[in-house]
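Just so you know, the sequences run in chain order A and B.
Last residue of the first sequence: 365 in our numbering, with the numbers rising by one and none dropped.
Last residue of the second sequence: 365 in our numbering, with the numbers rising by one and none dropped.
In short, the hints are calculated from the structure, not lab data.
As the structure is a prediction and not an experimental result, all values here were calculated from the model.
The beta carbon of each residue, even a glycine, is placed where N, CA and C say it ideally should be.
Each hint should be verified, as a subset may be incorrect.
What the hints assert, rightly or not - Part of the chain B face toward chain A, derived, beta carbon under 7 Å:
| id | residue |
| --- | --- |
| 1 | Pro129 |
| 2 | Pro259 |
| 3 | Ile262 |
| 4 | His263 |
| 5 | Ile274 |
| 6 | Arg275 |
| 7 | Gly277 |
| 8 | Leu280 |
| 9 | Leu354 |
Said to hold, decoys possible - Cβ pair distances, simulated, as ranges:
| id | chain 1 | residue 1 | chain 2 | residue 2 | range |
| --- | --- | --- | --- | --- | --- |
| 10 | B | Gly252 | A | Glu214 | 43 to 51 Å |
| 11 | A | Ala167 | B | Gly357 | 20 to 28 Å |
| 12 | A | Thr335 | B | Gly252 | 50 to 58 Å |
| 13 | A | Ala310 | B | Gly357 | 22 to 30 Å |
| 14 | B | Arg238 | A | Ala167 | 28 to 36 Å |
| 15 | B | Gly357 | A | Thr56 | 56 to 64 Å |
| 16 | A | Thr335 | B | Pro312 | 37 to 45 Å |
| 17 | A | Thr331 | B | Ala73 | 44 to 52 Å |
Stated by the list, open to error - Derived coverage of chain A by chain B (criterion: at least 3 residues anywhere in the stretch with Cβ under 8 Å from a Cβ of chain B; other residues may be distant):
| id | region |
| --- | --- |
| 18 | 125–139 |
| 19 | 260–270 |
| 20 | 273–284 |
One-letter residues, chain by chain:
There are 2 protein chains.
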Amino acid sequence: MAAPDDFDAWFRLLQTPGLGREGARRLLAAFGSPEAVLAASPAALTELGGPALAATMGRPAPECEARLAAARAWLAGETLRHAITLGDPAYPPLLLQTADPPLLLYVQGHTELLAAESVAIVGSREATPQGLANAREFARGLGEAGLTIVSGLAAGIDGAAHEGALAAGAATVAVVGTGPDRVYPARHKALARRIAETGAIVSEYDPGTPVLPEHFPQRNRIIAALARGTLVVEAAPRSGSLITARLAAEAGREVFAVPGSIHSPQSRGCHALIRQGAMLVEGVDDVLEVLRGTRPAAALSAVPDADTPADPVLAALGHEPATLDALLARTGWPTAELSARLLELELDGQLARLPGGLFQRRVAG
Amino acid sequence: MAAPDDFDAWFRLLQTPGLGREGARRLLAAFGSPEAVLAASPAALTELGGPALAATMGRPAPECEARLAAARAWLAGETLRHAITLGDPAYPPLLLQTADPPLLLYVQGHTELLAAESVAIVGSREATPQGLANAREFARGLGEAGLTIVSGLAAGIDGAAHEGALAAGAATVAVVGTGPDRVYPARHKALARRIAETGAIVSEYDPGTPVLPEHFPQRNRIIAALARGTLVVEAAPRSGSLITARLAAEAGREVFAVPGSIHSPQSRGCHALIRQGAMLVEGVDDVLEVLRGTRPAAALSAVPDADTPADPVLAALGHEPATLDALLARTGWPTAELSARLLELELDGQLARLPGGLFQRRVAG
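Chain A on its own, in the form it takes in the complex (with noise of 0.2 Å):
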């Protein structure tokens, strides 16, 4: 089990009755071990914390060790199942930078990605399909720079996220607001085991914690924590990816942005978040000159070259709406052939035929 000796010790010390994350870490500052803090004398208690600490130390809730018995069993069950605790030297160092630090991370995966350069990707669970493409995009681009991507696991650009960061061949942590075993929403079950091999699933949460919604908004500080700068790609205004994007600004990380149609609801929040702050960005090499002080190579853009489409009727489309007989004038084509040429196109996605008889350009990811 590729958990710490003292694992015992953190887990019933997490597990006493209203100590919440704060107490237990001035408790732990006063005594230096979990241990120290379950053995020590109600009158040190007490002087620490009052009366009603000194009465719930060492009294656990009645469950408490069939649960430490199912997250030991959890732990052994797979090989890469690890839990790292706030005094482990594997602890995320950027996690221990923030306000806020859980004591105890469940990890299914490769631990050494929580030390990585990384950055968050989150944004709407009900994104636009342009979204997700915009996601996907980033997520591959900035993984192919070498960034670990970090996200949710959510449906929408969550999940979005994730995919890009695997088909660039590049790192993702997934941070989840359930147990570390429980997958949610269920059909991202796949999608959390590929991250599971060459990325990692990341939980404060014991094996077997269902879905409760008061965990998302500690879902996301951590999510916001782990990385250099967070990217909302979509969000609705009073959304969950605001909460990860103010999160991270408190932390004093970067905040990216996504802008969009004034006419779509999923912008409204990143536009909020703009003029906030947040930094406006229209691709992958945005993010990367604020994270690396640097312009990376041109290869690295998220976003396909707009203007130059290897297609020559994209080409002589361009990013506007056209009419058959402005393409034919540009294109100098036959009729049948352009017109053969567009629903192939259509067919491929890349194009959507407007009302008016306009076509114009869809750039996906």
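Once you have looked at the hints, place chain B on chain A.
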């Protein structure tokens, strides 16, 4: 003729070879009036501007008197034609506060509008259909809120802004880079006539002045200077609209920019402005809030309320693409009826058919 008594002197002063606006203003400050400058002794002129100035002053270009006669003929040719000099009490006060005010303005229309509270709306000549719709809607909403809409009569966003203002029965001012008697592009002739009827066409160039590329940045400086703020709706990088925005910022005016897709070259200029500190705006209220320090009634919103369309199919669709199956489930309508309605909406331009059998709303102006 609606020209001041000293019009001839202003005209001749401006025609002095080699004397720019700045030189003319310096001489006016020294001598008090254009007549006094023209009558100044060579010694006095040499002292102020060197012997070259003394040699040319009072020796205007050979065509000067013919041009003056043409200008007087234009002014006398129709009612509502005016010449306003820097010394005129009717000179636009905001223009006077800028670094390089024109010495002479030709106006066709209602001169009092040049002193009205106004906002400039500018952007790309090669705008997208959505960009044009946005320009119209911002102009309409800001016009309904009582602001005069200033723009440049150019193709694309400028034209749409004037149209939007006219549609709202609001005042609009077109600052042109040609003489006040020319219309560029020619297809905006009818639009220019409508603007002159209820608004104003403004130029610092003599009647007869043709289209000269170097005049457009100069024209942009007047647009920026007349308005309390400049809104850029769509702009390519390195475009004239960005010059207008920069000049507005340098004159201490507000700069607003509309965000858009990261894949649209027409939004890149706006995104660059936002990065440089321009305010990202999603609707009319955002502009009014800054210019007036208030949030006006919701009825003034430029963007139709995206979340509550009157049509039940549009309501079911929302702002994300959806399949026919999804829409059948959401509306509960029979397939034939729903298909017919979708086609109607598509033909009406309210809906686009995307590859993959998806339908997506279009927000039109």
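- Message: Taking the Cβ atom of B:Arg238 and the Cβ atom of A:Ala167, is their distance within the range 28 to 36 Å?
- Response: holds, 34 Å
- Minimum Cβ distance from B:Ile262 to chain A below 7 Å? Because about 4 Å separates B:Ile262 from the closest Cβ in chain A, which is inside the 7 Å limit, the hint holds.
- Message: Using C-beta distances, would you say chain B covers the region 273–284 of chain A, given that this needs three or more residues below 8 Å?
- Response: With 7 residues close enough to chain B, the hint holds.
- Per the hint of 50 to 58 Å, is the separation of the Cβ atoms of A:Thr335 and B:Gly252 within bounds? holds, 55 Å
- Message: Cut-off 8 Å, C-beta pairs, minimum 3 residues; does the coverage of the region 125–139 of chain A by chain B stand?
- Response: holds (count 5)
- Can you let me know if the beta-carbon spacing of A:Thr335 and B:Pro312 is within 37 to 45 Å? holds, 39 Å
- Message: Using the nearest Cβ pair, does B:Leu354 come within less than 7 Å of chain A?
- Response: holds, 5 Å
- Message: Quick check on the hint: B:Ile274 CB to chain A CB, less than 7 Å?
- Response: Since chain A brings a Cβ to about 5 Å from B:Ile274, closer than 7 Å, the hint holds.
- Task: Hint says 43 to 51 Å; check whether the CB-CB distance for B:Gly252 and A:Glu214 agrees.
- Result: About 48 Å separates the Cβ atoms of B:Gly252 and A:Glu214, which means 43 to 51 Å holds.
- Message: For the hint 22 to 30 Å, verify it against the beta carbon of A:Ala310 and that of B:Gly357.
- Response: holds, 27 Å
- Message: 20 to 28 Å was suggested as the range; check whether the CB atoms of A:Ala167 and B:Gly357 agree with it.
- Response: About 25 Å separates the Cβ atoms of A:Ala167 and B:Gly357, which means 20 to 28 Å holds.
- Holds or violated: B:Pro259 as interface residue toward chain A, Cβ cutoff 7 Å? holds, 4 Å
Consistency note: the structure conflicts with earlier hint 7 alone.
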